[in-house]
Structures are given as C-alpha cells and as structure tokens.
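Q: Listed below are the residues making up each chain.
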Amino acid sequence: MSDGGGADLPADASYSGETAPNAKRLTPASVLQALSTQARVIQALVLRDTLSRYGQHKLGFLWALVEPLVMVSVLVGIMSFVRTGNPGGIPLVLFMITGFVPFTMFRNPLNNMQGTIEANRVLLGFPQVTTFDVIVARCVLECAVLLVVFPVILIIAHAFGYDIRIENPLGVLAACLLLMTLGSGLGFLFAAVSPVMPSIRQVTTPVLGRPLFLSSGLFFTADSLPTAVREWLLYNPLLHLLELLRTEFFYEFDSPYGDWGYASLWAGGALALGLLTHQALRKRAIVGL
Amino acid sequence: MIRLQRVCKRYRTAAGVRTVLQNVSITFPKGHSVGILGLNGAGKSTLVRIIGDAEPADSGNIVREGRVSWPLGFTGGFQGKLTARENARFVARIYGESPRYVEAFAEEFSELGRYFDVPLHKYSAGMRGRFAFSVSLACDFDYYLVDEALETGDARYKEKFRRAFEERRESASVILVSHNEQTVRRNCDMAAILHEGRIELYDELKEAMRHYKYLQTRVA
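Protein chains in written order, with this note's numbering: chain P, 1 to 289; chain B, 290 to 509.
No lab work stands behind these hints: they were computed from the structure. Treat each hint with caution, since some may be false.
Unchecked claim - These stretches of chain P come out as covered by chain B in the derived footprint (C-beta under 8 Å, 3 or more residues):
(1) 35-44
(2) 123-134
Unchecked claim - Derived DEER-like restraints, expressed as beta-carbon distance ranges:
(3) P198(P) with C297(B): 23 to 33 Å
(4) Y235(P) with Q311(B): 46 to 56 Å
(5) L26(P) with P318(B): 25 to 35 Å
(6) E456(B) with R284(P): 10 to 20 Å
(7) G60(P) with R452(B): 36 to 46 Å
(8) H410(B) with A272(P): 47 to 57 Å
Unchecked claim - Chain P side only, calculated, beta carbon under 7 Å to chain B, not exhaustive:
(9) R48
(10) L51
(11) S52
Remember, it's a predicted structure, so these values are computed and weren't measured experimentally. Each residue gets a CB set at the ideal place from its N, CA and C atoms; glycine is no exception.
Could you put the whole structure together from the sequences, leaning on the hints where they help?
A: Here is the structure:
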C-alpha cells in the first residue's frame, strides 16, 4: 500500500549499481522504514489539510460545529410542526442529534474524499506522497473532526437542559465507526474513480446522498413504518446503523431491526471495494499532471 | 548517479496511445549538470517526474543513488492556499527534516520578507520559483530536478541560485529540462536531447546545441 513511495524513497535508495532490483526486497527493516515514511507523510498531510480547511480564520474549527448545529435546529423545527409526540419515546432534539450527526459520519467522508486526488495534484509531485496517502489523510481528518463534534454537540445539548445518559457508549462508538467505515469505503471508491471519470461527482450527491438522507432513519424509527416499506428500507445498511446506534444510546429505546452483522458486512464490503478500486485505478489517476 | 535502464512510458489519450519514452537508457553522472532539451510536448516533464519517482514507468529499471529532489517547477508542488511558511514546514515533514530549520533557511534564502507569511497564490511566478528553490536547497539533495523554473526570477536572483548550485557542485548535481537552449547553455555542462521517445546524451554541449537547432528547423 505504500505504493513504493515509502520503500523506494530517494533518501534511503542507496542501491548499488547493476544489481538494484525493481522489486523491493521485503525485510523487516525496509517494511518498518516504509511504514514510518508513510506515517510521517500522512501526518504532514493531515496537518496541512487541517490548516487549509480550518486555519484561515481564528475560529475556523467552529465551522465544523456550526453546520450540524444549524441543521439539527432546522430539522427539529420542521419535525415539531409535522408530527406530534416523541419518535420512539426519545426527545425530539436528541432523536435528531443521534440521527443527523451519525449520518454525517457516513456522508462527510463520502462527499469530501471524492476529489481529493484532483485537489492534491501538485503534492503528488513529491515521490513519497501517493494517492493513497492523500485520500487517507482526508479520511482521517473528516472522521477525527466528527468524533470531536458529536460529543461536543451532546455537551451543548446537555447545557441546554437535555438529560443525556448513554446506555452503552462503546456500542454507540461501534456504530459510529461502522458508519465511518462505510462512508470512507465509498469515499475511497469515488476518490479513485473521479480522476478517471470526473462526471461521477455530479451523480453521487443527488443519486446517493439525497435518497439516503431521506431513507436512513434520520426522521423516523423502523418500527413506525408500514411493514412493506420497512422490508424494503431495511436493505439500507444506514437504517440498520442508526437503529443500532439509538438502541445503544437510549435506555428508553430498543429496536429489533438493527442487525450488526448485516451492517458490518456492508461496511467491510464498501471498504474492500474502495481500496481495490483505488489499487486498480491509481496509475491512471495520476496521468496528465 | 542516476541510471535509467530500458524505461518505457505510454499514455492512453483521446487521440490514441502516445509513447513518451521508448526503451530509454541513460546515465546521469554525479557532479555534472545535465540539461535535457526537448520540443514542446516531447515528454520532458514526464521524464523528470519519472526520474523523481513522482510517476511510475510502465517498464524498465531506475537506479537512484542518493537523495533526489521533487521536480522543481512553476507550480512546484505547493498548495496556493497556504503560506510559504506552512508549505516549507510541510516539505520538511515529508522529507523527515527539521521543520524549524527548513523554514528558517527558506525564509532567509528566498528573501521574500513579509511575503513569507502570505498565501502562495498571491505570488508571482518568479517569487514562487524563488521559494521552491530555497526550500529544496534547505533539504540538501544530491540531485536537483528542475523543470524550466530557472527562467523565473530576476537576474540577480538567478545568479544567486547559480552560485548556490555551483558551491554544491561537489556534492550535488542538477538535471534540468527545458525547451530553451539558452537555459541549458547557461546552467549545464552536458546536454541530452529528448525526441520522439528517445534520448541521446552528448558529452559536448556544442554538439547537442547543433543537433537541437537542426530539430527545431526541421519541425518548423
């Protein structure tokens, strides 16, 4: 996965004349060297990405909080008009927080990882920076930000007087990680495809993003659906994950519909598909720089 | 020494398969500044990127002894949104150098003054070139790969770089690609010509110039 970028780094490429092999020798030392190079590069990329995304303004990081706060408020406003009573016995505000924020853990990596290769074209001129590195760095940043944003929003809700008691924090974390894995896997897929087929980026948001936004249980519980609809929507792994997440989160909510196995299968499958596609396309992705 | 052995590179384009390098074998000896001349679209930038390991060759072997810089050029691998200082620190990090040292050296050597804290997209091409070279000098490479960029900057600054490279001649070499024979004449002591996927190295600068002139007139 280091793409040769690590093992073949000029700094340690002290090959001797004729015998220099194109194939890298795999010794524990060379693997370690390659890994440390890769870690160094990804770290530098994450720092750089953070700076260019949030470093422009003094309060840059606040933007990461503002979007979910505004969205949750708007959604709560709309929902309180549309329906009466608390969905699944959960206070509406907490219901929306545990719907929207986890959903962004899927959506943000997916949306923001595609286009990474194009955005970082110039950096690929550095031999140790590979397409894999820039995509992973973006993924790390997206996920890390949301792992901070989620608790911060819960704390804000708590400050506003909502009682927040999490039944099983590790279960919630597991659901979050699966959402991120699913989003990152698809993000990897689209990041790899978009340099070869730029039009795909116009498709992902309307075709994938919006229907999923509406059908993943942000606004409803699986239990509240008519049986026929529910059977169909339960093909959507995001609905499983949100049901699971709320089950783990709330004492008063328990859903029989979330299936860890089904959701994990999707997450693992998406990740494998994304990585394999990247591997298959990476040479073509950097053509024409 | 950098040695290319039977290196091939093809691109699939809308106009069909284009062969940029066809079984290219060439050795760049240490301690020499080699200029590679080529007409527009001959594949010069691709060649530099392959030498610098920024892009994989389709086949063949590349031997690099020593540290090779990234391809220095107008765009020079920097992000426009970030300041020179931030970019310098980034480069230092990925090369495992001390960010503080590289930052300080580049700030001093580039003579950019307060522009050092201005985002790069506000820079002129000349300033950008100055910055790229200063950072690369801070990193102490054995080979400096240069993609046209020596042409940027004013005369005084060009002179400063030439002296800096001159001082490092013992330890560092330059591989420079250009379509401009003046650039090569001024900065190099050997020249090669890249034409139609093949490359030929001339020991005598004059001979290369003569051949390049012939190519130019023939195409026109």
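Q: Where does the structure disagree with the numbered hints, that is, which hint numbers, in rising order?
A: 6 and 8
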